[in-house]
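S.K.: Spelled out, the chains give:
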Amino acid sequence: MSAPIEVPKWADVTLVPALAVILAFLVAGSVVIGIGENPVRASILLVQGAFGSGEGIGYTLYYATNFIFTGLAVAFAFHAGLFNIGGEGQATMGGLGAALICLQFDFLPWYLVLPLAILGAMAMGALWAFIPGYLQVKRGSHVVITTIMFNFLAATLVVYLLVNVIGKPGSMSPETRGFSPSAHMPFMHEALAVLGITIPKSPLNLSFVLALLASYGVWLILWRTRYGYEARTLGANPSAAHYAGISVPRVTMSAMAVSGALAGLLATNEILGVQGRLLLEFSSGYGFIGIAVALMGRAHPVGIFLASILFGALYQGGTELSFEMPLVTRDMIVAISGLVVLFAGALDMVMRRPVAFLFRVFHKEEA
Amino acid sequence: MHAVLHRVAAIGAALLLPLSASLAAEVKPAIVYDLGGKYDKSFNEGVFHGAEEFKKTTGIDFRDFEIQNDAQREQALRRFAKDGFSPVLAVGFSQASAVEKVAKEFPDTKFTIIDMVVDAPNVQSVVFKEHEGSFLVGVLAAKASKTGKVGFVGGMDIPLIRRFACGYVQGAKAANPKIEVFQNMTGTTGAAWNDPVKGAELAKSQIDRGADVVYHAAGGTGVGVLRAAADAGKLGIGVDSNQNGMHPGKVLTSMLKRVDNATIASFMAAKDGTWKAGVTVLGLKENGVGWALDDNNKALITADLKTAVDAASADIVSGKVQVHDYMSDSKCPD
Numbered sequence: 008m009s010a011p012i013e014v015p016k017w018a019d020v021t022l023v024p025a026l027a028v029i030l031a032f033l034v035a036g037s038v039v040i041g042i043g044e045n046p047v048r049a050s051i052l053l054v055q056g057a058f059g060s061g062e063g064i065g066y067t068l069y070y071a072t073n074f075i076f077t078g079l080a081v082a083f084a085f086h087a088g089l090f091n092i093g094g095e096g097q098a099t100m101g102g103l104g105a106a107l108i109c110l111q112f113d114f115l116p117w118y119l120v121l122p123l124a125i126l127g128a129m130a131m132g133a134l135w136a137f138i139p140g141y142l143q144v145k146r147g148s149h150v151v152i153t154t155i156m157f158n159f160l161a162a163t164l165v166v167y168l169l170v171n172v173i174g175k176p177g178s179m180s181p182e183t184r185g186f187s188p189s190a191h192m193p194f195m196h197e198a199l200a201v202l203g204i205t206i207p208k209s210p211l212n213l214s215f216v217l218a219l220l221a222s223y224g225v226w227l228i229l230w231r232t233r234y235g236y237e238a239r240t241l242g243a244n245p246s247a248a249h250y251a252g253i254s255v256p257r258v259t260m261s262a263m264a265v266s267g268a269l270a271g272l273l274a275t276n277e278i279l280g281v282q283g284r285l286l287l288e289f290s291s292g293y294g295f296i297g298i299a300v301a302l303m304g305r306a307h308p309v310g311i312f313l314a315s316i317l318f319g320a321l322y323q324g325g326t327e328l329s330f331e332m333p334l335v336t337r338d339m340i341v342a343i344s345g346l347v348v349l350f351a352g353a354l355d356m357v358m359r360r361p362v363a364f365l366f367r368v369f370h371k372e373e374a
Numbered sequence: 029m030h031a032v033l034h035r036v037a038a039i040g041a042a043l044l045l046p047l048s049a050s051l052a053a054e055v056k057p058a059i060v061y062d063l064g065g066k067y068d069k070s071f072n073e074g075v076f077h078g079a080e081e082f083k084k085t086t087g088i089d090f091r092d093f094e095i096q097n098d099a100q101r102e103q104a105l106r107r108f109a110k111d112g113f114s115p116v117l118a119v120g121f122s123q124a125s126a127v128e129k130v131a132k133e134f135p136d137t138k139f140t141i142i143d144m145v146v147d148a149p150n151v152q153s154v155v156f157k158e159h160e161g162s163f164l165v166g167v168l169a170a171k172a173s174k175t176g177k178v179g180f181v182g183g184m185d186i187p188l189i190r191r192f193a194c195g196y197v198q199g200a201k202a203a204n205p206k207i208e209v210f211q212n213m214t215g216t217t218g219a220a221w222n223d224p225v226k227g228a229e230l231a232k233s234q235i236d237r238g239a240d241v242v243y244h245a246a247g248g249t250g251v252g253v254l255r256a257a258a259d260a261g262k263l264g265i266g267v268d269s270n271q272n273g274m275h276p277g278k279v280l281t282s283m284l285k286r287v288d289n290a291t292i293a294s295f296m297a298a299k300d301g302t303w304k305a306g307v308t309v310l311g312l313k314e315n316g317v318g319w320a321l322d323d324n325n326k327a328l329i330t331a332d333l334k335t336a337v338d339a340a341s342a343d344i345v346s347g348k349v350q351v352h353d354y355m356s357d358s359k360c361p362d
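Protein chains in written order, with our numbering: chain A, 8 to 374; chain B, 29 to 362.
Derived from the structure by calculation, the hints contain no laboratory data. Where hints are given, some of them may not hold.
Label pairs and their calculated CB-CB ranges [claimed, not checked]:
hint: 1; chain 1: A; residue 1: K175; chain 2: B; residue 2: P149; range: 24 to 34 Å
hint: 2; chain 1: B; residue 1: K132; chain 2: A; residue 2: I152; range: 41 to 51 Å
hint: 3; chain 1: B; residue 1: V145; chain 2: A; residue 2: Y234; range: 48 to 58 Å
Straight-line C-alpha distance at most 27 Å; calculated DSS-like pairs for lysine-lysine [said to hold, decoys possible]:
hint: 4; chain 1: B; residue 1: K129; chain 2: A; residue 2: K175
hint: 5; chain 1: A; residue 1: K175; chain 2: B; residue 2: K299
hint: 6; chain 1: B; residue 1: K278; chain 2: B; residue 2: K299
hint: 7; chain 1: B; residue 1: K334; chain 2: B; residue 2: K299
hint: 8; chain 1: B; residue 1: K129; chain 2: B; residue 2: K299
hint: 9; chain 1: B; residue 1: K132; chain 2: A; residue 2: K208
hint: 10; chain 1: B; residue 1: K56; chain 2: A; residue 2: K208
hint: 11; chain 1: B; residue 1: K313; chain 2: B; residue 2: K334
hint: 12; chain 1: B; residue 1: K110; chain 2: A; residue 2: K208
hint: 13; chain 1: B; residue 1: K359; chain 2: A; residue 2: K175
hint: 14; chain 1: B; residue 1: K129; chain 2: A; residue 2: K208
hint: 15; chain 1: B; residue 1: K206; chain 2: B; residue 2: K174
hint: 16; chain 1: B; residue 1: K326; chain 2: B; residue 2: K232
hint: 17; chain 1: B; residue 1: K83; chain 2: B; residue 2: K66
hint: 18; chain 1: B; residue 1: K232; chain 2: B; residue 2: K177
Built from N, CA and C at the ideal position, the CB exists for glycine as well.
Isolated chain A (complex conformation):
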C-alpha cells in the first residue's frame, strides 16, 4: 500500500500531460458554455485555426519558436538545480544585444551581420543570467529572487536606452529605427521560395530551424558531454557533486549563462525575424510561459518541443477563435492557457495518482 507512485516512463511523458490537457479543455469548455457558446464548435475552431491552414501552421510554429527558446532556457538551468525565472529579462537583453549589433553593422552583408546579431543576443542574454549566478555563488543571494528582479532591471534599462539613446527621434512609441534588410532573419516563405517551394505567408522564420538546432544542442550538452553530466549531478545532489570534485561555482555560473543565452535567442525570432527593430515589451510574457513549457515537457528537449507546439497552437488557435466567436475575448484565451498551465504544472499529481492507480490495478490482474 505504501509503495511510491510508480508510473511507467512512457506514460509519464505522454499519458499524464495528455490527460492534463484534456482536463484543462473540459474545464475551459464549461467556461465557454458559461458565456453562451458551443464548446465543441469552439474546440474545433481552435484546432482548425492552429493547424487547419498553411498560414495557421506558420503562426503556430512562429509562436512555438519563442516557447522552445524560453522553455529550453528554464530546463537547462533546472537540470543544474537552478530555477531561472528571469527568461523575460534575458530575452529583453537579448533583443538589446541583437539591436545594438544591427544598428552598428547593418551595412554589412547578411552572412556577417546575422551571425553577429545572433551572437549579440546570446551574449547579452547570457550576461543577464550570469550575474545572478555569480551573485548566488559569491554572495549567497538566491537566483529565484535575483533573476526575477533582473527582469525589471532589463525592462528599465531598455526603456532608458530607447527613450534617451537609441530610439528614433520624433517617434511616438519608444523604438529604434528599422534595421536594413540585410539584418533580417529570412521568413520561411522567403527561404523556401529560393528552393522553389511556395508556402503561405506567416511570421515563421528561420529562427525556428535555430530553435530545433538549439534543442538538439541542449540534449547533446546535457546527456552526451562531461559538462552536462556535471550539471545534472549538481542538480541531483549538490553535496555529492562537490564531493565528487565538481566545481559547484563554475557549473552554477556557466549553467546560468547557457540558460540566459537560450532565452536571449528569443530575440532572433521577434527582433531579427518579425519586427526588424527594437521595441518595448517584445518578450510579452514568453519568458514566463517558458517555465510552464519546461514543466510540461519534463525538461526534456523533445517534451519541450511538443509543449511549445501546444502553447503555440493555443496562441494561434485562440486568436482565430476570437475572430470567429466575438464573444470569446482575448482574456478568455488567456484563461484557457492558464488552465492548461494549472493542470499540467501545478495539478500534475491530480492526473498522476489515478494513472498510477490504474497501472497498479492492471499490473496485479496480470500477475
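Since the structure of chain A is provided, determine the placement of chain B on it from the hints.
M.R.: Here is chain B on its own, set in the frame of chain A:
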C-alpha cells in the same frame, strides 16, 4: 400553385440577391483595437461606441478584434482584409507600420487609421487637432482658477501629448496672461497610460503648489488625476470621452476627441461611396474636438466662462486665432 410560388421566389431571389451581394461587398466594417482594449473608458471605447451607433442607424453589423501582442496587428488586419471586410479601421498610432504593410497587400480594401498618417492610395488617415480642443479647456481652466495656477498631467511623454499640453497652455495664457501652468508627464513607456496611483500623486503635488484646476491627457492614469482633484475639493478636466460624470460637480469639463464621430463618418462614407483615401484633419471646425457641457458640470460653467470659451471657439473656427501645433516644429511658444 407550387409552380407559381417557385417563380415568385425565383424572381425575388433574382432581384434581391445581386442587390444584397453588392451591398455586402461594399460595407463590411471591421475594427482592430490597440493594446488598450475595447473597454478602456477612453480612446478605443470611443471607436466602439461610434461603431455601435453606426450599427443602430444603418443596421449594418461590424466585427472587431482586440490584439494581444504586437505580432497580431498585422495578422488581424490581414485576416479582416482577406475575409472581405472593408473599411478596416485601425485604432491608434502604433498600428501605422502594420497598416502600411497590409494595405499594400490588399489594394482593393479600404483602410482607415486613427491618430496617425499612413501614406498609401487605399488608406484614410484621421488625425485630430487636439491642440484646439485643449486651447478651449485651457481658457476654461484659467477662468475658473481662483489661485491663478492650473495643472496639466500627461500620460506617456510623446509629441502627441505635448501637443495637448501646448494647446492648453496657450488657451490658459490667452484667458489670463499671468496664469502659471504646472506640467508633468507620468512616464516614458506605455505603462504611463495606466498608472492611476502616479496620476493622483502628480495631481496632488500640483494642487499642493497651488493649482486648483488640473487637466489630464493620460488615458487610464487620468482616473487618478480626476480622483485626486475631486478629493482635494479642486477641479479636474477630463479627456477624449466625456468624463464629467465620473465626479459630478468636481470635473470642470472634458476635452472631447470625437473618435466616435470619426468612426461613424468613415463607415458612412464607405456606405455612401464617398470614402476617400488621404489625410482627414478634424479640428474644432469639423466638430472633431470640443469641450463637454452636460448636467454634471452645468453649475460650474458660469455665464462668464461660457462667454469666454464661446468667443475663443468662434475665433479658432474663423481663423482669427491660430493655435500653435507642437508637432509642426516640436516647439511650444511661451
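S.K.: Please list, smallest to largest, the hint numbers that this structure does not respect.
M.R.: When the structure is compared with the hints, numbers 5, 6, 7 turn out to be violated.
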